[in-house]
Structure formats: C-alpha cells, structure tokens
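> Residue numbers (numbering that gives the first Met the number 0), protein chains in the order written: chain B, 0 to 365; chain H, 0 to 192; chain S, 0 to 171; chain E, 0 to 338.
Just so you know, these hints were derived from the structure itself, not from any lab.
None of the values given here were measured: they were computed from a predicted structure.
The beta-carbon is built from N, C-alpha and C at its ideal position, and this holds for glycine as well.
Incorrect hints may appear among the rest.
[Said to hold, decoys possible] Between beta-carbon pairs, the in silico distance windows are: (1) B:L6 <-> E:M236: 25 to 33 Å; (2) E:I300 <-> B:E208: 50 to 58 Å; (3) B:A238 <-> H:P101: 18 to 26 Å.
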Amino acid sequence: MFDTSELVINMGPQHPSTHGVLRVVLRLDGERVVGADVVIGYLHRGIEKLCEHRDWLQIVLITDRMDYVAAASNNLGYVETVEKLMSLEVPPRARYIRTILAELQRIASHCLWLGTHAMDLGAMTVFLYAFRERELILDLFEDYCGARLTYNAMRIGGLPLDIPPRWDEKVRAFCDILDTKVYEYEELLTRNRIFLERTRGVGVIGGDEAIAIGLSGPALRGSGVPRDVRKDEPYAAYADFEFNVPIGMAGDTYDRYLVRIEEFRQSTRIIRQALDGLPAGPILGKVPRLIKPPAGETYHAIESPKGEIGYFIVSDGKSNVPYRFRVRPPSFCNLQALPRLIQGHLVADVVALIGSIDIVLGEVDR
Amino acid sequence: MPEPTRTIAPPAGPPDPPPAPEIAVPSFIATLHERLPGAVPRVSYWVGDWTLILESPRLLDVAHYLRDAPDARFNFLSDVTASDWPVRAKRFDVIYTLYSIPLRHRVRLKIHVADGEGVPTVSGIWPSANWLEREVFDLFGVRFEGHPDLRRILMPDDWQGHPQRKDYPLEGPGELLLEGPMEWLRLRKTDIE
Amino acid sequence: MLEAVVFYVLAAFILGFGVLVITARNTVHSVLFLVANFLCVAVLYVVLAAEFLAVIQVLVYAGGIVVLYLFVVMLVNLRAVPEARLDPRRQSRLGFLLTTALLVEVIAIMVYSANRPGAVSTLAPTADVPVSGNTEVVGWLLYTDYLIPFEVASVLLLVAMIGAILLARKEA
Amino acid sequence: MIDTYVVPTLKILVLLNAVLVAVTYMVLLERKIIAWVQVRLGPMRVGPHGVLQPIADAIKLLLKEDITPARADRLVFTLAPIVSMVPALIAFAVIPFDSEITLFGYTLSLYVADVNVGLLYIVATTSISVYGIILAGYASNSKFPLLAGLRASAQLISYEVAVSMMLVSMVVTAGTLSMVGIVESQREAGVWFVFIQPVAFVILFIGGLAETNRAPFDLPEAEQELTGGFHTEYSGMRFALFFLAEYANMIVVSAVATTLFLGGWLRPFPGAGALAFLDFVPGWIWFLMKTFAFLYVFIWIRATLPRYRYDQLMRLGWKVLIPVAIANLIVTAFIRVLL
C-alpha cells in the first residue's frame, strides 16, 4: 500500500551508549532491528605490532592500554604467559597478591559495567553509586602502585612492589563496604519491574550457541555454561581458594546481570581468603637480569572481567623483543555475538545488549 | 633510550619441538592419528602446549573431527591468529587455538600458508572464527576461502597493505596512503552517501 | 463593529490558510497550514461565545486528527512527487463534478436560509432548553434534537474503527 | 476599564514572569535533588550553593551559536520550539492559585481567567504541544530526531486518551469543567478528590509523566538510545525553549493534579472543623506546597527508575491505563446516577 523502506541508522562511532567508538549500522523496520553490521577499528592503535618492537618488560605497560578499565588483569595475563614460556617459578606471596589485585580489578570493572549498563537503560543513580565504589578501588590501587588507571602493576616473575603497610586492612574494610553496597544496587535493579521488563527475554542465547559464537566470561556463564578459567585452568593462586562460579539459566540480559552481581560477592570472598592466607616471603622469583625466553611459542589464558583473555607469544630466542605478540581479546570475541543478539529486537534493546556483553573498545580494537 | 631493534637475521620459523618420549600423548591425538591417518604429519609439545601441524587441505577434516570426536570435543575456538616468517617459502603460520569446555583441555592447530594462498575457513565449524579470520585477513592478508564476510575489520576499508606483516614498517605506510588522495576522498564520500 | 472586524480578519485568515493547504508544495507544510486553519476556526468560535466548541475544535481536530495526518505524512516517502501532480488531468472530471455539487449545495443552503431567516437556530438558552451554559446546551441539544444524527455518526465511527482493525489484522 | 483590561494584563505579566523564573529554578531544583539522591552536591559554583546557576545557564544558552542544519526545513525548524513552549505557558491562564486575596484593599482573584471549560482548555493546549516535538523531529532532517518524533506522537496521543478518559470521570464527579468550580466542589464534598477517585489519581500521575516525557517514559529524548531524541540538532536558545517547555509542562501537570485531586488552595480535609487552625496558611501557599510535592515525586522517579521500552510503553498505555480509565468512568457514572 505504501512504499515502506528500511531505515538505516548509524549508531556511533559518536553515540552516548556505544561505550566508546563502536559503530553499529542498524537496518530498522520501524523500531525493530532487521539487520546490524558492527564496525570497529576506530581505536586501533596497533598494539600487537607495537609490542613486537618493545622489549619484554616494556610490554607490561602497553598491555595496560588495552582493557583500560581492567589493566591489572591484562598485566597478569601477559606476565604469566612469559613466565610459562620461560618456565619461571613465581613465589607464593606474589601469586596471592596478584590474585587480590586481579579480583579487585574484576570488581572495579564490574562496577563500571553495572553503572553504564544501568545508565543505558535510563537508571542513572546506579551509575553514580557504582562509581562511588569503583573510586575506593582506584584509591586502593593508588596506595599500592601510585597509579589509578594504568597500573603497570606486575613484573615477569613476580611483582615490582610489596603491599604497603596496613593495605590489607583497607582492602578488608573495602570488602565489607562492597558487600553492603551490592545490596544497594540490587535494591534499585534486581526486582525493579521496569528493569525486569527491559532485560528479561532480551538477547536470549543458549549455551551451545554461545560457545559456538565465541562468548566467554560472564556473557557465556549467563547462558548456563559453567566455564571459568579460574576454575578450569587455575592460574595465580586460584587453586587455593574456595569460590563458586555463578551461572544463569535463561541466557538473557537479566541473567548476565545476575551473574555479574554474584561475581561481586565471589570476588570479595576470594579476596578475604587470599588476605587470610597471605604467605610471607619474597615477591620476585629468580629472574635473569636479561629477559630472553627460549625460542618457542605458547598460549596462555586467564579470566579477565570481560572473559577469557589469552596471549599467544612467539619468541625467537635471539632478540630481546617477542617475535609475535597476539592477544585474544575477550571484548572482541564477545562483540561478535552482538548482531546475533540484537536481531529482531528494538532500538532500545541494542543499547541494553551492548551494555550486557560488556565491551571496552580499547581492547576490541587494540 | 634507543629503541630495541632487530639486528639479527630473521628466523625461519618456530622450533616446534616434537614431544619428549617420556611425555604421555593425549588420547585424542592417538585416536586422531588412527581415524585420519596422515592428516597430521607433525605433533609438537612445548611448555605444556600441544600443537598439531598439518597441511591446509586437511584442515577442515581435522577440525570437524576435533569438534565432534567424543574424546576431543573441542567446541570452543579460543583464537585464530597468524605469524609471519618472511624468509620461508610458505611464510605464514595460521594458528587455531582450541579449547574443550566439557573436557577442559587445549590444543593448537597450525598450518603453513604461502602468500596469496587460500585457506579453507573454519567459520562453518566454529562461527566464532568469523571475526577472528577477518582480523587475520586484515592484518596479514591471508585469504580464507568460503568465508561469509571477508572484509577488513580493524583497518579502514580502503587501507593498502597488511600491517602485521614483518615487512610492513612500524611507523605505517608513509606515502602509500597519499598516493591517490582524490581517489581516497572519493571513496570516503561514497561511503557517506 | 469590532466583532465584524474580527470576523472578517479571521475569515480572511481561514480562507488564506485554506488556500495554502492545497497549494503548499511540501506536504508537511500543508498539514501545518491545516492546523493554523483549525486554530483560526477555534478563535472564531470563541468570538461567537461558543467556548466549548472552540476547545473541542482544538482538542479533536488540531490536537488529535491532524497529528495522525502528520504521522502518516512523515512515514510515507515525502521526496517522491505525488502522482496527482505528475498528471494534472488525472481524475479531474470527478473532481469537477464533486466541486460543482458542493457549490450548488452551498448556494442552495444560502438561498434557502435567506428566505427563511427564522430557521437558523441559535444556541442561546431558550424556553425549550432548560439548562444554561455553553457545554450544557450543546449536550442538551445533542441528546434531544440531534439525537439521531449523533447516533448515526457514532455508528459510522464504530464501523470505521472495526474496518481499520480488520485491515490492520489482515496485514499482520 | 481597570477591571477588564489593566488587571488581567498585569496578572498575565506577573504570572508569565513567575512561571519562567519557576521553570528555570525547576532545573536547578531537579539537579540538586538528583544530586542529593546520588550522594553528590550538584551545582555549587555559581552563587552560594549554586543558586545563580539558572541565570548563568540562561546567559550561556542565549550567547551560544544557534545552528540550523544545512538540509533542515528552516521554517518548521524555527517554529517547533515556539510551538512547544507557547501551549505550556498559556495553559497557566486557567490554573487557580487561590480564590481571592485582598491586596492593598483591593480584592483580587489569583487566576487569570475562570473559563467554564477550563479543564478542556488545558487538555487542548497540551494536545497542541505535541506538535513541537513532532515538527522538531521532522524538520531536523536527521534520523534520530525523526525516530523520536514518531515515538513522541504515538506516545502522547496514546496517553492523552487515558488521561482524557480519566478527566471525564473527574468532571462527572465534580459536575463542572471549570477549574475553580472543581476546587469549590471539593470544598463542598469536604475531602480532596484523591480520596474519592484514587484510581483516576494514579492514572493522571502516570499519564502526566508520559505526557511530559519524563522518566520512565522519556523515550522521545532518550539520550542513551536516540542521542537526545528530537532536540539532537538544536542548540542555543531554541534548545533552551524545548528544555523550558518540558519543565513548564511538568509544572502544569502538577498544578492540574493539585487542582483536581488535592483540593487546589484548600487545606487538608476542608470539611473537618478540627483542622481549622490550619487556615492561617494562605491558600496559594497550600497550592504551591502541593504542586512542589508533585514536582518532587517527578524528580525522585527520574532519579530512581530505568526507562521503559517503546512497545512496553504502548502496552501499558493501551492495555492497562485506557481500560482502567474506561472502567473507572463507567463506575463513576453509575455511582453518580445512583446517588
């Protein structure tokens, strides 16, 4: 009857809720999404190429710049990969402190996710509440290493710094605060009728499909797959601690939300155990003065707040730079599921889903 | 501080050492040899990682087998990447990192590819290979045959060259981009229209 | 005197906007002139001390129906020239017939009412309307003298509504 | 002469200025309240506790460059903010702030006009303000505003149906369309109408939120989805007009709700003689207090709730509010006839 045509709109790269410079080209039928093309690369800085021209120690601070809201997790993944390549032994105290830092980082990253996700749905108060707690973590990191965002907090074979005096008490106090604040977040969202309507049944993906499309981290666990690198391939000191891996049932946005909320609690649980059992001893293992791993290649993955972050590093054994440096960025692989998830949903769900898979463009584009 | 640069002659490839005799070979590799004889000519073991080195024509067979075999069940494709060894005739290694969520083990597949040679896509087996292969295509110029959507992903669509190759300068292409500025502008404009 | 001046000014505006509605090249502008037209008519009602009608005019026509017009106009492709513009003679015969019929009708009514000046009823409260006040009188008349036209109109609207629902369902 | 021309003109001038000042300070109030909800301070720099912030904002917006997009429909683009602002302001004409006060020995009614179709007049003006948003969406010649314009027209028309239905049941209850008359009939009834018509009150409140584009129904300007919605392409004073119109509409809705349900200028329980000591508070103070209570709830909701999605909004409007409003009307009519 009428000449109806699809409306193509360009969401991003400058858009308030694409979390950076993501560009999504949406084909709309009314408000319904009939097709989506995700365009990335606006923040491509060639980090992999750059790392092939920096020596092994300098790379630690470049990894900070990938997932810049979870710099410590990136550091951890890199140094552990090099340690694996060199078969280095890391002292237990260093492994425990690394675990604490990684878990604090997970909480900080989840705080940022929670704030922006809720903001995308229009609940703006949660944003400031979550950032209030994130600020406390940044203070803890500042106490530890002096930096608030890009920490450069790890060394190959251990840590550059021991924890400052009374730092563990501050961390404990923070864990107590966070446990009460998580209830505050839940108060505002978990049983909020509007939040439920906006998230339940939105972006449903089943477990098998989620695995096939390469989701990892909380996004995969929300679909009911109990996959967590911390449990399955324990690294740092995770094998020593008791914690649960929360999984969802329905695989929708709401379950992914619940999984991350539960991870707040599990993280404080891990941190408390690590502080209780913090061994004495050196923080840096026996590391050669000149780091030059033997020729060979390896892949090592850890559980970053976004999912499985893996490093594939090739050493030629002769030069003081890696021959090939490759990151398996969880945000990149998770983002791949976005066109599948938003198919058939409304424009308003697109922002909910971008928030739900929790991406950082610094890591997607590298 | 002077930038550390490569002064030594470029290596001709990773050592890919075979497993020491005392290392127990995982059962799925043994059955793989049995079921697809000759598909995997070399097996390598290094710091705990198993790597199967094969030729690209057999890639899909092996990939299918590894995904579906009951003792392998590699249902999760962690990563697809490549490395560039310019002195070699088949200069690229394309590396697939597989993980089995039910059985919790890993393996890597590796194929050698010459410049311009096509590689069969595994995106039909693991949909997650879609973007990962696009990235390898973008940064290395390895073509994936049968890929549903082989476009550049990180670099602009009109970019020339493949930045992750070893013969590509760190500082970028220099005047390459400015070769035809009008052409470039025209491309941009049609993109907007 | 003042009333007459206001009336003729308003009438000029109403006619002017009416002409603009059919001459504007841009469909959205055309709809906007229609709104302006309706607003002027509402003012005319106020001048005639019929506030209820004025407000209803704004509420129903300007605020309701034309919004839907605008909705439709915005949804269909505006850049394409309407077919009628491409071929001016298209359906001109039918249009001519309709306009003539309308004109004849208007003239007939004018002649008829000029001959019988008492036939034009006023809304002022009379002996047979036991209520006072603008709204009340309108209500009274609607439910007494004009009950049958009123009911017929509502049945017509009901039919139109059912038809619209049927059409919408068929597409879904 | 004085009574027919000078006094109404003065009233209009005073009211218009008061409303504009109130609207600018609404913005500050909203920022402050939301800041307190979110454990922040809000504006603090301009004047003590930021009280001069609205003036600084106004100057900034006046001095900003006024951009018209190259391919916009210039006439409509200029018209749209005016069309959204004017109805919001003229609606105040029939709002009774108090019945009569004595000022310098002169008895003065605190409303501009007591039109006998006052309630319908307000509905009519708000129905006109839809045009501002639709036209802004259309005239910007940009996709996000267009989507917002479509959302806005559908949303406002839908909720207007429910609100109008509810207003009809209020008219049946009060027996008049005049705003002053409605307050007077509450005095006669002895209680505020909120106790007689609680369902209608809830519907008016929800519908009011939706008609003023406030959270959780702020879809036409959802910045997270539509980058600001219909005013994406606006800047400077034209943007300010949209902004002010939204707040003016909020005040109108609050004032109407106060008049209809909270007894306008009447004290609580006007029928209860025991509370007569409350009469020392002037009526217009009561009115303002009630209006501000409404505004506070508006802001509070914005700070707390996420946003509805378009289809959910429509479902709420058509499948919940309208049926409930119709049922309420039928019940009200029956009770009115039987009693």
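> A separate judgement is required for each hint: does it hold in the structure or not?
To see whether the hints hold, each was checked on the structure:
no.: 1; hint: B:L6 <-> E:M236: 25 to 33 Å; in the structure: holds, 30 Å
no.: 2; hint: E:I300 <-> B:E208: 50 to 58 Å; in the structure: violated, 38 Å
no.: 3; hint: B:A238 <-> H:P101: 18 to 26 Å; in the structure: holds, 20 Å
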